[in-house]
Amino acid sequence: MSSSMHNIKKRNFTLSSALISTLLLTHIPHGLADDALIEQKIEHLEKEIVTLKSDVAKNNRKQKSIQTAFDEFKERLKINGFMSAGLAQSNRDRLYDGVGNDLTTLNLGKMGLQTNFRINSDTEAVVQMLGRARNNDWDLGAQWAYVSHLISSNFNIKVGRMRLRTFNRSADIDVSYAYPWVEPPNHAYYMLPFQNYDGIELEYLFESADWTYKMALYSGENHVTPGGSDLNNKDMIGYDFTASGEDLSLRLGVGRAHAEFAWDKYGIDIKPDAWFSSLGFNYDTGNWFITGEFTRRDVADPLVSDVNGGYLSAGKRFEHYLPYITVSRAKTTDNDERDGLLAEVFNVQETGYMLGVRRDLITGVAVKFQVEYLTNFGGSNGRFDTEFTSPHIDFDNATLWSLALDAVF
Amino acid sequence: MFSLRSFLLISSLLLVSVGSTALAESILVVGHVSSPNMDKRQLQKIFLAKIRDLPNGVKAELVDLPEGDETRDAFYQNLVNRDDMQLKAYWSRLIFTGSGTPPKVVDSSQEVIDFVAENPGAIGYVNASDIQANASVKILLKLE
Chain A
0 MSSSMHNIKK
10 RNFTLSSALI
20 STLLLTHIPH
30 GLADDALIEQ
40 KIEHLEKEIV
50 TLKSDVAKNN
60 RKQKSIQTAF
70 DEFKERLKIN
80 GFMSAGLAQS
90 NRDRLYDGVG
100 NDLTTLNLGK
110 MGLQTNFRIN
120 SDTEAVVQML
130 GRARNNDWDL
140 GAQWAYVSHL
150 ISSNFNIKVG
160 RMRLRTFNRS
170 ADIDVSYAYP
180 WVEPPNHAYY
190 MLPFQNYDGI
200 ELEYLFESAD
210 WTYKMALYSG
220 ENHVTPGGSD
230 LNNKDMIGYD
240 FTASGEDLSL
250 RLGVGRAHAE
260 FAWDKYGIDI
270 KPDAWFSSLG
280 FNYDTGNWFI
290 TGEFTRRDVA
300 DPLVSDVNGG
310 YLSAGKRFEH
320 YLPYITVSRA
330 KTTDNDERDG
340 LLAEVFNVQE
350 TGYMLGVRRD
360 LITGVAVKFQ
370 VEYLTNFGGS
380 NGRFDTEFTS
390 PHIDFDNATL
400 WSLALDAVF
Chain B
0 MFSLRSFLLI
10 SSLLLVSVGS
20 TALAESILVV
30 GHVSSPNMDK
40 RQLQKIFLAK
50 IRDLPNGVKA
60 ELVDLPEGDE
70 TRDAFYQNLV
80 NRDDMQLKAY
90 WSRLIFTGSG
100 TPPKVVDSSQ
110 EVIDFVAENP
120 GAIGYVNASD
130 IQANASVKIL
140 LKLE
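Chains as they are written, first to last, in numbering that gives the first Met the number 0: chain A, 0 to 408; chain B, 0 to 143.
One should not assume that every hint holds.
[Claimed, not checked] Straight-line alpha carbon distances no greater than 30 angstroms define the calculated BS3-like cross-link-like pairs of lysine-lysine that follow:
1) A:K315 - B:K49
2) B:K137 - B:K44
3) A:K73 - B:K44
4) B:K58 - A:K73
5) B:K39 - A:K73
6) A:K213 - B:K58
7) A:K61 - B:K103
8) A:K213 - B:K103
9) B:K103 - B:K44
10) B:K44 - A:K315
[Claimed, not checked] One-sided excerpt, in silico: chain B residues whose CB lies under 7 angstroms from chain A:
11) K44
12) R51
13) R81
14) K87
15) A88
Simulated from the structure, these hints should not be mistaken for laboratory data. Quick reminder that beta carbons are idealized off the backbone N, C-alpha and C, glycines included.
Given the sequences, and given the hints that come with them, work out the whole structure.
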């Protein structure tokens, strides 16, 4: 740049700064009165800052207490679930519990979701919903919906809707992950066709020497409508007693209901007493197990059969594999009370020989495969469906296989 | 190059690793200092929720290490001869029939100690080598 240009720039700068300072000086209020205004403004801003600071602190405390409440709530509420999926097929086209010689998928399928809410250290509210695949459709219902309270550390009471616990695995029959087989041997369990009751349950625990004991007394009623009929079980009362040692446990269960069974379609209207009983044992060392149960139904009416059922099952663990063998049988004991079509439908005799294996894949997921050979029908239809066109079966044995995937989460 | 020095180093490392394996096998069942001593059978009953109380009438508050933890596996294998999968099946039955809930889970042996120190009914298990002693916690049983 030339020095003359430089001089011009310098002069312009001086001129413009003089101009600016003049402008500024004429526009900024000055004097004592104006200082006071600034002071006031600063004071006001300082006050605002104090308020804001306390607001922030308040919000932080609020956030913390919400977080604590949330953590506490999380501690109180537990959600668990279970599910099963399966395939089954037999070598007969006549249906057996919905299984025929076409591959059946849905009948073993179910999904359960349970919430446990701890009201206080002794009280809990539980709801368990179960969705079950039935005849190519889904059935959804509340299996458990109760409040439980610890009256003392040994004594618990539950009020609401519960599962019947008459037989050994009645209460957890849908939690397939909990037992070795695809399902508890049906010869012993089919005779108790309802699952729940609405009522009250008292349970008492105690110990003596090395054993622990559990006694339960329960009472209630239920109402189901199987296939369009109307079944009302009133005044249900049940009792079970379990003694547990280190590897061995023994169990006795008894239940009675005043049943009212009406089916307009067939002109049925009966009010019999029904009794259910079970005696069972379980011996499990962790490496192998053997378990057995004898079950019985007694109904004071020829229309509903009296049945003896039972099974004996044993298995041994090899790493994550548990192969097992089961023999089971069902036999009605009041056959002389029925004839004709009723006899075809309700007289039952059948023995099952089963071989299966359970493979635990990861903790919480297991797969099972079993094959059952059914025989010894003793002239009855076994547990096969009675078809009205040709009531009687024309075979004397059958083979049924099932594959199931069970999980809990 | 092989030398006496590297030989000594390797052998001492081996000795240390053997030593820590031996330590890892030593599981201590711990409880609050006010708890009574209990034998293996008693602890079996409590950890399987067959009874709810300690022998002194205090409600048991059990604490577990996480699923898959080595100390947890060794504890249950020793106490009840069950692995994680068998226990899961066992607890499923109890949970879904409203008969019990599994123990609270914490992440480390030290957290077990901290929890037990604060709760008179608490029982847990720790790896002997993983913890710092605490005056409010006592050893109930040593599992080999």
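Hints versus structure:
At roughly 24 angstroms between alpha-carbon atoms, A:K315 and B:K49 fall within 30 angstroms of each other, so this suggested pair holds. Between B:K137 and B:K44 the alpha-carbon distance is near 20 angstroms, which keeps this suggested pair within the 30 angstroms criterion. For the hint linking A:K73 to B:K44, the alpha-carbon distance of about 28 angstroms falls within 30 angstroms, and the restraint holds. For the given pair, B:K58 sits about 22 angstroms from A:K73 by alpha-carbon distance, which is consistent with the 30 angstroms threshold.
Taking the CA atoms of B:K39 and A:K73, the gap is near 33 angstroms; set against the 30 angstroms cutoff, the hint is violated. The suggested pairing of A:K213 with B:K58 holds, with an alpha-carbon distance near 18 angstroms, which does not exceed 30 angstroms. At most 30 angstroms may separate the alpha-carbon atoms for a hinted pair to count; A:K61 and B:K103 meet this at roughly 28 angstroms. Straight-line distance between C-alpha atoms of A:K213 and B:K103 comes to about 24 angstroms, which keeps the hinted pair within the 30 angstroms bound.
Our distance criterion of 30 angstroms between C-alpha atoms is met by B:K103 and B:K44, whose separation comes to about 17 angstroms. Distance hint between B:K44 and A:K315 is fulfilled; the C-alpha atoms sit about 24 angstroms from each other, no more than 30 angstroms. Restraint check, B:K44 versus chain A: the minimum CB separation of about 6 angstroms is within 7 angstroms; hint holds. For B:R51, the shortest C-beta to C-beta distance to chain A is roughly 5 angstroms, which falls under 7 angstroms, so the interface hint holds.
Satisfaction of the interface hint for B:R81 is found here, the shortest Cβ-Cβ separation to chain A being roughly 5 angstroms, below the 7 angstroms cut-off. Annotation: B:K87 was flagged as interfacial toward chain A, and the flag holds, the nearest CB pair being 5 angstroms apart, inside 7 angstroms. Interface restraint check for B:A88: the shortest CB-CB distance to chain A comes to about 5 angstroms, inside 7 angstroms, so the restraint holds.
In terms of the numbered hints stated before, the structure departs from hint 5 and from no other.
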